[in-house]
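S.K.: One-letter residues, chain by chain:
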Amino acid sequence: MSNSKSVSRRKFLVRAGIGTLGVLALGTVVFRNPARRKIYELAETIVPPYSGTGTEANLWFEITKDNQVTLYSPKVEMGQGLFTGLAQIVADELDVDVTQIQVIAAATATGIIDGLSTGGSISVASLWQPLREMAATMREMVKSEAAKKMGVEASSLTTSNGIVSGGGKSMTYAEAVADVTKWKLPKTPALRSIKNYNFVGKPVKRVDLVPKVLGDPIFGMDAEMPDMLHACIVRKEHIGATLKAWMLVKQNKCQAW
Amino acid sequence: MKISFNINGQPQTVDVDGNTPLLWVVRDVLHLKGTKFGCGKAACGACTLHVEGEAVRSCSYSVKFAEGKRVTTIEGLGTKENLHPVQQAWIEEVVPQCGYCQPGFMMATAALIEKVPNPTDEDIDNNIVNICRCATYYRMRKAIHRAAELNQSSKQIDQ
Ligand code: FES
Ligand code: FES
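Heads up: the protein sequence lines correspond to chains E and F, in order.
Take any residue in the first sequence, count from 1 to its spot, add 1379: that is its number in the working numbering.
Take any residue in the second sequence, count from 1 to its spot, add 804: that is its number in the working numbering.
Note that these hints are calculated values from the structure, not bench results.
Being a predicted model, the structure only gives us computed values, none of them experimental.
Quick reminder that beta carbons are idealized off the backbone N, C-alpha and C, glycines included.
Hints may contain errors.
With the Cβ distance kept under 8 Å, some of the chain E side facing chain F (calculated, not the full set) [said to hold, decoys possible]:
#1 LEU1588
#2 VAL1589
#3 LEU1593
Use the sequences and the hints to build the structure in full.
M.R.: So this is what it looks like as C-alpha cells:
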C-alpha cells in the first residue's frame, strides 16, 4: 500500500468551523515567491466570510456541512479538464466520490504577480503531490475525530464515499469534523499506490458540466466590480481606414453603440 | 428610451439608448452573464438567445426591437433541478470544454428542435452554425440528436 518515495514534509494550514459552510479546511503553499497567491486573505472577502487572519496558502480545500468537498484551484480551468483531474486526485486519497467534489476557481488578489500562469502541462504535475498529501492527511484527521466520537480506535475505521465506518457504526465526514475547534496535524500518512486508485487513470465525467450548461457566471468577463465601466472596441469598417479624430465623452453620455 | 419586455418569464423595463444591442442590456443592465460576447458581428453565435422563441444573435439586435416581446436567455432555459432536454443531453454527452460558446449553442439547439423535432445531420449543419473555439462539434452533434430525443419523450409525458 505505501509509496516507496519519501513524502515531503509540508506546512499545512488548518481552518475549522469557518463561516457557515466549511467545517474543516486544509491549505498549503505550493509555489514559492513571487508567484505565491494570498488566497486566505482574499477568502475573507468571499461570502460566507472566513474568520481568522490572512495566513498565506494558495491551495486548499474544505469539507462542508453537507458532506461535500470544495477545492479551490489556483490554476485556471479553460476546457483542458484540469478541475476534473484535481478532483480525481483528491477523491482517491480522501475516499470520497469524485461527484462529491466541487472545484472552484480561486479568485486572484489584486496586485499579485502571478509568475505561474496556467499552461505548459504543469498544473496536474505540480499539484499532484501536495494534493495527495493534503487529501491523505485530511482523511486521517477525519478518522481520528470520528474515532473519538464513536469511542473506537482510529485504526479500526475504514473510509469510503465520505463516510467513516467501523464497529457497526458509521458517520459522514462532516459529522465527524463538526464542532471540532482544536486540530492536531498528524504526520503525512504514506500515500497509496497509484495502481490502487479508483479515479486517477480511469475515465470519469467532467466535474464542471453543470455550471457550464446553466450559463453560470464563471468566466473572467462575467465578473462585476463596484463602479465598473464597460468598454467595447470599435473597429474600423473598411480596409485601409485610418483614425481621423477621437473624442472623450462622459460615460453616461456614451451609451449608444 | 424606456423599453419593456419579458425576460425569462419576468416583466422588465430598462432605460437605455434604443440602439444598444440586446446583448449588453442582458449582460450589463440585467446582470444575466450567461449570454456571451464573441465577435459582436453576428458571426459566432456566442450571444444567441431567444426572442419570441426564435434564436437571435443578440449582439446585433437593437434592444428597441425587443419592445413588448418575450426574451429567453440560458438562465431561463432550465434550472439545476429541472434541466431543459438540451442541457440534459449536453451533460450526458459531456459536451462543454471551456464552456464559453455553449450557452449560444444550447439556445440555438433549443430553438431548432422546436421547429425540427428530429433534425438530420444536414439540418444540424444548416442551422447550427455557431463557432466553438474548443471544437466540441463532434460531441455537440451527438448531443443535438440526443436532445431531440429527450425533447420528444418529455412532450409525450406532458400529453
Ligand atoms: S457575439 Fe454575437 S454572434 Fe458573435
Ligand atoms: S467549449 Fe470552448 S469555445 Fe466551445
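S.K.: None of the hints should be skipped; say for each whether it holds.
M.R.: Cross-check of the supplied hints:
Against a cut-off of 8 Å between C-beta atoms, the interface hint on LEU1588 (chain E) holds, since the closest Cβ of chain F lies about 5 Å away. Restraint check, VAL1589 (chain E) versus chain F: the minimum CB separation of about 6 Å is within 8 Å; hint holds. Given hint, LEU1593 (chain E) at the interface with chain F, holds; its Cβ is 6 Å from that chain's nearest Cβ, closer than 8 Å.
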